[in-house]
Amino acid sequence: MTEARSRTTCLASVWCTCTSLFSGFPHLQTDMNKYTKQMLDKSYDFLLLSSVFDVYSLDRPGFEKLYRKTSDKAWEDTIELIKYQSRRGAYVQLSEEGSNGVHDVASLLQSNETSSLELALEYEKLLATEAHRMHKKISHADSTKHYDPDVAHFLDEKLIEYQSGQIRKLSGYITNLNDIIREANTKALGVQLFDEYLVKVE
Numbered sequence: 001m002t003e004a005r006s007r008t009t010c011l012a013s014v015w016c017t018c019t020s021l022f023s024g025f026p027h028l029q030t031d032m033n034k035y036t037k038q039m040l041d042k043s044y045d046f047l048l049l050s051s052v053f054d055v056y057s058l059d060r061p062g063f064e065k066l067y068r069k070t071s072d073k074a075w076e077d078t079i080e081l082i083k084y085q086s087r088r089g090a091y092v093q094l095s096e097e098g099s100n101g102v103h104d105v106a107s108l109l110q111s112n113e114t115s116s117l118e119l120a121l122e123y124e125k126l127l128a129t130e131a132h133r134m135h136k137k138i139s140h141a142d143s144t145k146h147y148d149p150d151v152a153h154f155l156d157e158k159l160i161e162y163q164s165g166q167i168r169k170l171s172g173y174i175t176n177l178n179d180i181i182r183e184a185n186t187k188a189l190g191v192q193l194f195d196e197y198l199v200k201v202e
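Residue numbers (full-length UniProt numbering): 1 to 202.
Bear in mind the hints are in silico, worked out from the structure with no lab data behind them. None of these values were measured; they are calculated from a predicted model. Please note: incorrect hints may appear among the correct ones.
[To be verified] No more than 30 angstroms apart at the CA atoms, straight line, and that leaves these computed lysine-lysine pairs for BS3-like:
| no. | residue 1 | residue 2 |
| --- | --- | --- |
| 1 | Lys69 | Lys187 |
| 2 | Lys169 | Lys83 |
| 3 | Lys83 | Lys69 |
| 4 | Lys200 | Lys169 |
| 5 | Lys200 | Lys145 |
[Unchecked claim] Pairwise CB distance ranges (calculated):
| no. | residue 1 | residue 2 | range |
| --- | --- | --- | --- |
| 6 | Leu189 | Arg133 | 41 to 51 angstroms |
| 7 | Val55 | Cys18 | 53 to 63 angstroms |
| 8 | Ser57 | Lys169 | 42 to 52 angstroms |
| 9 | Ile174 | Gln93 | 15 to 25 angstroms |
| 10 | Glu161 | Ala184 | 38 to 48 angstroms |
| 11 | Glu122 | His153 | 24 to 34 angstroms |
| 12 | Asp54 | Ile174 | 14 to 24 angstroms |
| 13 | Leu189 | His153 | 44 to 54 angstroms |
| 14 | Ser95 | Tyr147 | 46 to 56 angstroms |
Glycine residues also receive a C-beta, built at the ideal position from the N, C-alpha and C atoms.
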């Protein structure tokens with residue numbers, strides 16, 4: 001195709017030919033937009049959860065640090081998702097319509113040390129499962145015509161690897177904290193020391 005003909009074709013179909021949409025990305029566009037909303041909700045939810053542990057009645061700086069760090073990471077992931085979709089020619093919509101958080105505000109505000117870790121683990125598993133579903137949908141394992149290795153690489157590098165690490169870490173925290181709580185005589189001291197441990201490692 002000559003340069004002149006290419007330019008003519010582009011002008012005649014500007015919304016189709018002359019976008020950066022290509023390969024299998026359109027097949028996943030709606031899913032990724034929804035996932036971006038969920039990631040933004042996660043950032044807000046964990047910011048709220050961190051505030052629960054930063055009050056005089058429940059002063060747990062370690063838990064506060066853990067959840068604020070999780071909130072910041074979700075915010076960064078939201079930005080990365082938006083930038084990636086824009087690069088691939090998608091228009092990202094972050095309206096509240098049709099966006100439901102994983103947890104309501106009441107359940108977040110009523111969290112304690114154990115329930116908050118369980119909530120965090122559930123949250124990570126839900127988003128990780130959705131990321132795996134998108135990966136399958138865009139990979140050769142699902143359909144060759146929808147295959148898009150660039151999207152699969154993005155999901156692996158930016159989301160899936162981190163999520164598997166978080167799930168392992170949080171499940172370990174829950175196991176350790178449950179062992180501490182079972183010791184009734186040293187429960188209060190144990191939880192305090194566990195919180196101090198979180199301050200150091202997070």
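Here is what the structure says about each hint:
The suggested pairing of Lys69 with Lys187 holds, with an alpha-carbon distance near 26 angstroms, which does not exceed 30 angstroms. Under the criterion of a C-alpha separation no larger than 30 angstroms, the hint pairing Lys169 with Lys83 is consistent with the structure, at around 28 angstroms. For the given pair, Lys83 sits about 21 angstroms from Lys69 by alpha-carbon distance, which is consistent with the 30 angstroms threshold. For the proposed pair Lys200 and Lys169, the alpha carbon gap of about 15 angstroms is at most 30 angstroms, so the pair holds.
For the given pair, Lys200 sits about 48 angstroms from Lys145 by alpha-carbon distance, which is inconsistent with the 30 angstroms threshold. The hint said 41 to 51 angstroms for the Cβ distance between Leu189 and Arg133, and at roughly 43 angstroms that hint holds. Remark: the range hint 53 to 63 angstroms for Val55 to Cys18 is upheld by a beta-carbon distance near 54 angstroms. Roughly 27 angstroms separates the CB atoms of Ser57 and Lys169, a value that falls outside the hinted 42 to 52 angstroms.
Ile174 and Gln93 have their C-beta atoms about 36 angstroms apart, which leaves the hinted 15 to 25 angstroms range violated. Checked against the hint of 38 to 48 angstroms, the C-beta distance between Glu161 and Ala184 comes to roughly 39 angstroms, which is consistent with it. Distance hint for Glu122 and His153: a CB-CB separation of about 27 angstroms, consistent with the stated range 24 to 34 angstroms. Taking 14 to 24 angstroms as the suggested C-beta distance range, the pair Asp54 and Ile174 conforms, at roughly 21 angstroms.
For the pair Leu189 and His153, the beta carbons lie near 47 angstroms from each other, so the given range of 44 to 54 angstroms is met. Checking the proposed 46 to 56 angstroms range against Ser95 and Tyr147 shows it is violated: the Cβ atoms sit about 30 angstroms from each other.
The structure is inconsistent with the numbered hints 5, 8, 9, 14, although it conforms to all the rest.
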